[in-house]
Amino acid sequence: MATIPQNTGTAMGTPGTQQNVVFENVSIAFEGNRVLEDISFTLARGETKVLLGVAGSGKTLILKLALGLLKPDSGRIFVLGEEVTAMKEEDLFELRRKVGMVFQESALFDSLTVEDNVGFRLMEEHVPREEIHQRVLEVLRFVELEHTVKMFPSELSGGMRRRVAIARAIISQPEVLLYDSPTGGLDPVTSTTIVELLVKQRDVYKTSALLVTHRLQDAFIMATHTFNSKTNRMEPLPEGQHRNLHTNFIVLKDARIIFQGNAAELVYSKNEYIQEYLSQ
Amino acid sequence: MELTFSPTEFAKSKVLAVQEYSLLAWQSIANLFRHPRYVADMLQQADIIGVGSLPIVVLTGFFTGAVLALQSANSLAKFGALSFTGQLVSLSMVRELGPVLTSLMVAGRNSSGMASELGSMKVTEQIDAMRALGTDPMKKLVTPRVISSIIMLFFLTIISDLVGLAGGSVISVLLLRLDVSQYWTNAYQSLVFADVFMGLSKPLFFGFIIATIGCFYGLNAKGGTQGVGRATTQAVVAASVLILAVDLFLTRVLMIVFPLSS
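Protein sequences, first through last, are from chains W and A. Here this note's numbering is used: position 230 in the first sequence is 423, and no number is missing along the way. Here this note's numbering is used: position 109 in the second sequence is 336, and no number is missing along the way.
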């Protein structure tokens, strides 16, 4: 079994911390078109990394590669210490149970109720029905959708479906979460509700996360806000603390990573493309 | 717009499709010997495929047997052999028409259903979501459909054969004025083990074809709702053609195995 590479303490990660996701020189092309080229980054335990880039820049692909849903043409990917790129599909199912993913269009099973959707993973693990019910209610309470337990996905709004998808992803308390545009196509109020959930998940459960988003404001809210468990609300960071150390950014352009760093470094980047991207 | 056709690429895509179908077909059976096994899903599919197809199978069987009696009576009467109507209906239904027509009807209903259901799941990323949740779609979706199709088609064929014989008897008694007991005795006594074996071994292969083709086209659907529609149509066409082609091959093989009965 391949082992996770030792962190070298470069700009790719925080020195001395456990890396939950490692991409090493990953490249992939479809029908001759390179979509990702020489992608390398790490995701530390408890860290949130926001993937930014225009549509078609390969952000979603990174999430699917991390989960082993696709295989790269070259390079290595490690998730929770196991080399995803060297594993057989049969073995990947076990690893995927420790990783949660929220798909862009929610991807809820439309023939199942919210309860069965959220409790799907637990049912597969043959957890007793009563325990599943309790845990589903608990996690739906977390996303404030307890009343939808008996409803079908078609009866929910777009924002509610995303929140159910988040509930489904977090019910087994995964160590890594992959969010694919969780606020895409939603109105600003609903988007803020979703971002608040992501911040809550990050600050309460300290889960590692890769977040793909097109909405810069969501990314910066993630970096500048923290969750207050006492008030059960998301709040701006205390005065004097300008950035959240647990949230970093990656910018993709032309199949490559052109920026890795925190919010402040992103804002003050001298890269013309990034400046243009941020100004839009 | 540039329109180019590459024979090499076309051939490669067809070989790839055959390879992928073969893998799916192999895994659908191999998964029976691997954990987890989805017995509840299998029973649910048996209900959808078996019980759900019962009305069309009964109707098809009845009218096929009836029209077979009507058509054959015309020819048999010329040779003064009208009393052999039961034998002709019986042999035709049990050896050939029962399994083939039942399979074609079930293919039209269930291959399309499987292709559209799995195709919709594919294009809405539900299949990827299932994999992401640590569940193998091959075990959860494909194997239960394949096993249920094989088992249920076997029993549907028996029902179709019986109802077909009943249809033939209705025509024989009401229109041809044949004696009902003569018809049934003739029909029953003309059947030997080889006929029954031939008629009941075919549905096992046809059920496998119906489910694997339906699942294959569904899991390979691309291009949104239009792609799902295309997959559905292709599944029915491919399953129907494959059933008829495999029927020819099986009939020849079984005739070699049971030379006396042929």
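These are computed hints drawn from the structure, not numbers from a lab. Please note that a few of the clues may not be correct.
To be verified - Simulated crosslink set (PhoX-like; lysine-lysine; CA at most 25 Å straight-line): (1) W/Lys399 x A/Lys239; (2) W/Lys393 x A/Lys239; (3) W/Lys264 x A/Lys305; (4) A/Lys366 x W/Lys291; (5) W/Lys343 x A/Lys367; (6) W/Lys264 x A/Lys367; (7) W/Lys423 x A/Lys239; (8) A/Lys241 x W/Lys264; (9) A/Lys239 x A/Lys367; (10) A/Lys239 x W/Lys291; (11) A/Lys305 x W/Lys281.
Evaluated hints:
no.	hint	result
1	W/Lys399 x A/Lys239	violated (48 Å)
2	W/Lys393 x A/Lys239	violated (50 Å)
3	W/Lys264 x A/Lys305	violated (70 Å)
4	A/Lys366 x W/Lys291	holds (20 Å)
5	W/Lys343 x A/Lys367	holds (23 Å)
6	W/Lys264 x A/Lys367	holds (22 Å)
7	W/Lys423 x A/Lys239	violated (62 Å)
8	A/Lys241 x W/Lys264	holds (22 Å)
9	A/Lys239 x A/Lys367	violated (30 Å)
10	A/Lys239 x W/Lys291	violated (38 Å)
11	A/Lys305 x W/Lys281	violated (68 Å)
Hints 1, 2, 3, 7, 9, 10 and 11 from the earlier list are contradicted by this structure; the remaining hints agree with it.
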